[in-house]
Structure formats: structure tokens, C-alpha cells
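Peer 1: Quick mapping for you: the protein sequence lines, in order, are chains Z and W. Per the numbering used here, the very first residue in the first sequence carries number 1; after that it's consecutive. Per the numbering used here, the very first residue in the second sequence carries number 234; after that it's consecutive.
It is worth saying that the hints were derived from the structure and are not from the lab. Among the clues, some could well be false.
What the hints assert, rightly or not - Below are the DMTMM-like pairs computed for lysine to aspartate or glutamate, each with C-alpha atoms no more than 25 Å apart in a straight line:
hint, chain 1, residue 1, chain 2, residue 2
1, Z, LYS90, W, GLU376
2, Z, LYS192, Z, ASP125
3, W, LYS583, Z, GLU87
Claimed, not checked - Distance windows between CB atoms, simulated:
hint, chain 1, residue 1, chain 2, residue 2, range
4, Z, VAL26, W, HIS236, 35 to 45 Å
5, Z, THR148, W, LEU497, 51 to 61 Å
6, W, SER482, Z, SER181, 39 to 49 Å
To be verified - Derived, one-sided and incomplete: chain Z residues facing chain W with beta-carbon distance under 10 Å:
hint, residue
7, PRO47
8, THR66
9, GLY67
10, GLY68
11, THR105
12, ALA115
Given the structure is predicted, the values throughout are model-derived calculations rather than measurements. We put the CB at the ideal spot given by N, CA and C, even for glycine.
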Amino acid sequence: MTTNTERPLIRIRDLRKVYRFGSVDVPALRGVSMDVQAGEFVALLGPSGSGKSTLFHIVGGMLAPTGGSVEIDGVRLESLSDAQRTELRKSKVGFVFQRFNLLPTLTAEENIRIAQHIAGRAGKDEGHFEELVRILGIRHRMRHKPSTLSGGEQQRVAIARALVNRPPILLADEPTGNLDSENSLVVLEVLKTLNRDFGQTVMMITHNPDAAQECAARVLHMRDGRISEPRRD
Amino acid sequence: MVHRLVLRNLLHRPLRTLLTILAVAVEVTMIVLMVGVSEGLLTESLRRTRGVGADILIRPQISSAAIGGADISARLPSMLQDRYPLITQAMGATVFTPGNLQTITGVDWDQLDAMSGGVVLFEGRPYEAPFEAVVDEVYARQEEITVGQAVELMGRDFDVVGICETGKMSRVFIPLETMSDLQGWQGRFSQVYIKVAEGSDIRALIDELRELIPNRSVDSVEDFLALTATSVRQMSSQFVNIIISIAVSIGFIVVMLAMYTAVLERTREIGILKAIGASKLMIGSILMRETLILSVAGIACGYGLSVVGRELVSIRYPLIPVIFVPEWLAGAAVLTVIGSALGAGYPAWKAASADPCETLSYE
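Excised from the complex, chain W in its bound form (with noise of 0.2 Å):
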């Protein structure tokens, strides 16, 4: 009886419902994208350094995922495969970071080939000529980019003559001797990527790495990739954090303002309730009631929001992919509900206490 009482009164005022609903769903979308951003934009970014190909990452000691500059020899790669017959391939390349999260990487298309195991060309050709580019396929649709076209890169017109497969590195790719040359980083390389014979010690190479070159940062790719994957998220968490709590606290407003109103509203209606012997406890608990249901609706809907957030991101921003993550659609869900019952508790503890004379007398 109760829970038809619950449901009639969320159906009485249908606005007020559905407009409750649509904030907590706003509230569950926000924190399932943002998280969904940024876990894609990590993850999209690891799959492309592993597919690379390479077994060992040399870095200077600074850097990170993002990385920009370049203080490598570029005598390095051929130096360590002359000395370690284990190493089977040693490649260099160059990355500049425009600033918009991308990256553009300079290398050579051979060799890129080779350790990655071939990179898959959908349209056009490797690069031959200095200023000639090859984009992935993503970054291609985002920039309704065609093979022939002219990209201005670094403050120079590039022209695009190939658009391969995506996960292989880097969004664009550019002669390295190019990069060097527009950056004045000759002779020297951002990073390295090593490629070991199959079966081969990379631990014991890994350390006589590091006591030959203690300036640089030698590290398994797998371990860097576990490495970024832990301190990305540790910085991404505190901005993650923040929109988080502006969701939750928006929930936490409109549930609140939606049951004081319906309590401001249901005044003389809980003196009724109170007339006929209903404890404080079912009063507080009607509201409460109420409050589950509108978050839940509001959680799926707010799912529901999701993928199709998801699918205009991808749609409008292919460069900014977006990954559900379980933990945190659970997550969203928990905190949401955790928001509304906090939103809903004045209002419901307003009406358990309320006088029932005075509220009978309510005009």
C-alpha cells in the first residue's frame, strides 16, 4: 500500500518527476564520461606505445607519458645494437606535443614497420618526401582529412600522403629527419624503443642498461606502461575528483529542492498520514522511498545518457575516445544514490517531525 502511495505521489506531479529524474541522470552521466574520458584517453595512449612493438623503452629521466624534447643521442640505437647481439632492433624517434593532447612523432617509416610488425596502410603510401605525413585513421576523421591534403604542422604545410591503422605509437607521423630539423634536434632522439631477440634475459638487459646509461630512465615497455597507467590516473584523479563532486552536488541540490518542495507541498497530507498513526519512521521513509526510486530512474537514464554521449564524442571528437569503466559506472551509481538520500534527508526529517495539528491545519 505504501509503495502505491510512493508511486502515485511521484506520478502526481510528473514535471517535478521528470525533471528530478533528468538531473540525477545528468548527475550519472557526468561522472560516467568524465571518468570514461579520461580512462579512454589513457588506455588509447598505452595501446599505442604498445603496439609499437618494442620490448624496452629508454627515456630521458623526466619524462613521462607526455613527452616532448629530445636529449638522446641518436648514436645510441646503433651503439647498443652493436653491443648487445640480443637486441634485434634499436629504433629512435622524436616527439613534439603541440599542446592540444596530441602528439606528433618523427620517425623513420621502415623501421616503425618492422618493430611494430607492419603498420597497416588504409589509404596512400609511407611518407618519401621531407614534408609529407601519414595520419591514423582517427585523428584522419576528426580532421576530415583526406590522402592529397595539406596540414599545417609545427607552422609548416604537410602534405598527407597516407592514413593508416590507429595504436601503432602516434596520431601523425613525420620524417624524422624533419622533426630534427624543424625543431633543431639533430642528432639527438626523445626516446628509444629497443626490440629483443624472442626468449632473450630483458631483466639482466634491462639492468646492464641502466649501469650503462644512469642518466636515462630504462624501462620494459610493460612496466612503463604500468607505470604511466599509475601516475596518469593519479594526476587524472584529482581533476576527476573535483567534477565528481560538482555532479554529486548537483544531485544533492535538486533532490533536495524537489522533496522540500513536495513535502512544502504534501504538508497537510503528512498530517493526514500522522492522524491516522503513522509513525515518524514511515513518513521519513515515504520520502526516502520516493528519493530510491528517483535515483534509480535517474541512473539508468543516466546510463542510457552515457552511450549516447558516447557515441556524439566519438562522433564529433573521434580523438577523444571514451571507455565505461565497471567500477565506476557502479560507482556513479552508489554515489548518486548516496547524494539523493543525503538531499533527501532534511526534507524527509522535516516532515517526520512535523506537528500533525499544524500540518492538518495547512492551507
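Isolated chain Z, as found in the complex (with noise of 0.2 Å):
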């Protein structure tokens, strides 16, 4: 993993979002603050509508802020065109979606390899897709479409695909809010697992506390744009 240790992975200032409705602004984002080194594993905790998602996707490089900086491995975010945005999400982010989002005409071994097309690394780096089948158990379900898989697998076959690319940055919004209890530990142990035994840099939105004091080595609390109490734990 390509990481910095002088600088911060993620660093992030006085960001702030404006959605506009109409003639109406809504403030997404108040000027939040953040950093989040190489190797962590944060937990974004907060009611809905608290900005979780749009930190989230503007760190994707999935929305443009409409003020303050927001780096990425030493990328300026703000300034990037939206072809650079594009580029970023191949090579610095992989992302972990609640409804899996995975295609559903593709097999699961399709669903990870169109990643690693898209990143311009298909048939590269097969030791590295190997492994991650391995690590999370999905070996044998390579050849299913997505309806014939659980929504543990489903989510295993999602973490595979946002990895295969080895991104520094993995940011997994609500990875178990469409599991069952079971199913869910079984993701969050990997999520750890990556984080613990690989360095893997994980960003996590969710609802479930308990979720966030197991996995994440930082909890942040967000409300009405701002992060509200951040702590070390």
C-alpha cells in the first residue's frame, strides 16, 4: 500500500457542502475536520441526514465540495477536474456500498475482474485477487450471479471488488445495514481482519454502534454537518 507516514492519509478542513434546491440551500456539510492516517480504522457514527454520506462520497471523489480541502494520499481533492475524480476512484478508493451494489448480469468473479479492467489491471496482480477470494471465503462462489448469493457473500464478493485494486483507502458506508446479525460479524470480522493482519486504511459510516466500538480504532460522531465529539477510544 502506498501510504505517507509524515502526513495524514486523509486530511480533510473546513470542508463544506451546499446542496441547492430550488432557490433553497441546504448545508450538508458545516466545516467539518478531520484526519485519518495510514492504517486506521475510523467509524463515522450519526443519525440520518447528519452528513455521514456526503463526507463519504465526497472523499470518494464521487461530489465536489463547495468549500475547504480535502486530501487524499497527497492528492488535492477540490481542484481535481471530474475525468481526475474519475481516476482517483480507480487508484485511491475502493468503495463498500449497504445494498452491495454489485451488477447483477455479471458472475461474482466477473463483478471483482471488471474492477481491475476499469483500473487497466486485468490478468495483473493475480497473486493479490488469490488471496482476497481467500481471505474472504468466497472462492467457491466465484461463478454465481449475485441473486444466488447471500447477502454475506454478496457483501464479501462488494469488500473483494473495492480491494482488488489495492487501493490505500477503503470507505464502507453501512457494509452491514442490509445483514442479518450473522451475516454481519462475519463482514465485520473481515473488515477487521483486513485492517488488523494487512494495514488495510478503513473508513466506516454506520448506524450500529457496537458495529463501531468492535471494528474501528477511532469512533467520529457526526450531527448536522459537524463532526460533534470526536474521540479516541
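Bring the two chains, given one by one in their own frames, into a single complex with the hints.
Peer 2: Have a look at this one:
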């Protein structure tokens, strides 16, 4: 993983985002500042509408901020063009979503491979692919379409897809939100393993305080577009 | 990998894919058959004129391919033969066009037989009585006529006494005198065919004839055929272009609708691809590749449908020949691909420019 020990992997300063609906401005982020070090597991807790997802989308390069600055692995996001943010999503960030978001027409393996293809890494790093599939326990499900996989399996395939290109950051948005408790534990355990054993930086959004406490080294609380109670456990 | 995604996307909605291919196929079939009918009618008409076996054709000046009326003196053929020894045969004919794209020709059967090198009669005999007729095999098949049957021509019943080969002047022949009596064209011909001795200088003779009868069109049969082909193609091209425009528009609309529906249906998937780093170009190209596959499949089916269509036309309407024009087989394919690509353009642009956050939250 490409990291710089002298500066945080994610550096956010006074981040603001305002959505405009007609003539009405709705602030979603009201000056968020935070750092995430390489290899950290940070959980972001907060109620709906607190700005967690907006922060997630900005850090993931899917949304442009209104103000402030975000630096990912030394790259300033606010000055990036749409095409440059697309490049960032290929190389710096892996996404895991609450609804798994696998392509329904492709098999599990193809869902992972297409991320490699998009990043221009098709056929490369086969060892990493095999290792991920092994760690996530989905080798035997590779030829199955998402509709024939359990929720937990789908989420593990999604995690493999997110990490197959070795991004420095894994962004997980409610990764257990659509899972039963058994599968939730499996997925959280996988995320913990990836962080603990492989040094994967993880930023996870969750509604579940227990999950946050269980996995994350640091839990941040968001409310009304601000980080309200930053604390180190 | 993207090819696989494209194919899976198409197979995911087989009915929509099938209907789109069918619509594109209909577009191709319309173009190929319309051009084919136009070319077939022209070619068949030219073949019949060439089948007369003449070297020079004399017509009224305003006349072209579809000739009706008669204002050439019936004395002209014998006068020309007397004047120019190189003319081995001069034959007049009268032509009546009833309005169904077919013509009835009044001609002396023996003269036609001699000039054309022999008209093969498959059944029956040449006409001998005033109200007897000979029809060609295609006309007989279309109208389900057999020898001995009566047909109504120009408001009168004629007994069909013979069925001849196709490609010799006309499809329906009646005695010259009968046509003249019925139409009041006594002493006049619609056109005069001239055959000259082998090795004669046809150009020089044509120049002389043009001076002799300046109020008539005098052309070699080959020039006449070329002229007719050009002018008929020009005339028919307007109609054919309208049909082609309609066909391409149908393809454009169907492809646009299919792709637009696909984009709406796959909004979330487009968001997923964007989230994992797919560029606008890639998203757009997925849609365009799907369109290209639909177009190619539609073109292939269209060619197949065209063959089926040609066979059906030849069975149901033998008088309408369909000739596939290679240039237009390719032209139909190119127009279809262009029309489809334009139809997919907006959906592809919409997909490519979609906001990843909005598309991911699409329900």
C-alpha cells in the first residue's frame, strides 16, 4: 500500500457542502476537519441527515465540495476535474455500499474482474486476487450471479471488488446495514482482518455503535454536518 | 470483460433485445426491398426493350419509358426500309398503358418474332383473330391465366391463345390492327423499331434519321436504355429516398427508445460502474457497443427478411421483380448503423454524464 508516514492519508479541513434545491440552499457539511492516518480504522457514527454520506461521497471523489479542502494520499480533491476524480476512484479509493451494488448480470468473479479491467490492471496481480478471494471465503462462489448469493456473500464480493486494485483507502457505507446479525459479524470480522493483518485503511459509516466500537480504533460522531464528538478509544 | 458485460446486458432483457433487432431488421428490409422493387421494375422493363432485338428506336419526342398514345405515321417503317438498304427490318408497335404499371402492346406477331430472333411460346399459338391475345409467363402466373381463358383488356374480352417467354417487348400482346381500332390510332404507331445489317454504321444512320425526321427522338436502343435507366432512377430516387428516410427514422426512434429505457433501468448499475472508476467514455461506449450489436444483428436479420420478402413478392406478385442491389445492401447497413448510433447518442450521453451519487441512490 502506498502511504506517507509524515502526513495523514486523508486530510480534511473546514469541509463544506451545500446542496441547492431550487432557490433553497441546504447545508450538508458545515466545516468538517479531520485526519485519517494510513492503516487506521475510523468509524463515523451519526443519524440520518447528519452529513455522513456526503462526507463519504466527497472523500470518495464522487462529489465536489462547496468549500474547504480534502487531501487523499497527497492529492487535493477540490481542484480535480471530473475526469481526474474518476481516475482517483480507480486508484485511491475502494467502495463498499450498504446495498452491495454488484452488477446483476455478471458473476461474482466478473464483478471483481471488471474493477481490475476499469483500472487497467486486467490479468495483473493474480496473486492478490487469489489471496483476497481466499481471505473473504468466496472462492467457491465465483461462478455465481449475485442473485444466487447470500447477502453476506454479496458483501464479501463487493469488498473484494473494492480492494482488488489495492487502493490505499476502503470506504464502507453501512456495510452491514442490509445483513442479518450473523452475516454482519462475518463482514465486520473481514474488515477488521483486512485492517489488522494487511494494514488496510478503513473509513466506515455506520448507524450501529456496537459495530463501530467493535471494529474501529477511532469513532467519530457526526451531527448537523459537523463532527461533534471526536474521540480516541 | 466489457464485451461480456455488453452481451449480458443484452441477454438480460431478451424480449426488448429481440424487438429492437426486429425493428432494425424491418428498417433494413424496407430499404432493401424498396430499392430492389424499383431496380427490378426498371431492369425488367429495359430487358423487355432490349429483347425486341432492334438497334434503333424512334419515338415521339416527349416520350420516355412509359409510352402511351401513337402519333408516328404507320408509313414510316416501309419508307425507311425503302430509303436505307442497310435497314433489314423496321417494325411499328402501338402501346397502351392501362395505369397499372403494365402495358398492352399492339404488334404484328410475325414481325416481332423475326426481329427478336424468335419468341418462344410455352403454350398455345400466336394470335390470328382480332380479339386474341398472347401474354408472357409472368403475367399468366400473376393473373392465373391459362390458354383458352378470356381476359378483359381495354374494356373488351380477349381470348388468350398463347403464353410466351418473358423479356420480349411486353407482357401482353394483341394484334396491331385491333389496338388501332380500339384506340382510334389507325395509320399511326407509338414507336418504331429498326434493325440494321450487321456491321452497319448505326451512328451515321441515326444522324441521318435525325435530320430526316427532326420532330422524332431517334436513338440507338443502347442509348435509349441508358437514358431511360438514368431518368427513371432519378425519378424513383425521390420516392425511394422518402421510404428510406421513414425506415431510418423508425430505426432511430426504436433504438433511442430501447437504449433510453435501458439507461433508466440500469441507472444504478451506471452509478456502480462510475463508483469503481469507469470513465464517461467507457459508460458511453458500453451503450454504443450494445447498439452496434443490435444493429449488426438487425442488419443480418434484415437481409434474411429481405430474401423472404423477395420470395413472397415473387409468389404473390410475379409482375413485381425484386433485384438486390449490392451497393444498397451495403448502403442499408451503413444507414442503419448511423441511424442507430444517432438514436443511442442521447441515452449514451445521458448515461455517461450521470452523477454517480444520484445514480447510486436511484431506486
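Peer 1: Which hint numbers doesn't this structure obey?
Peer 2: As far as the earlier hints go, 1, 5, 6, 7, 8, 9 and 10 are violated by this structure, in ascending order.
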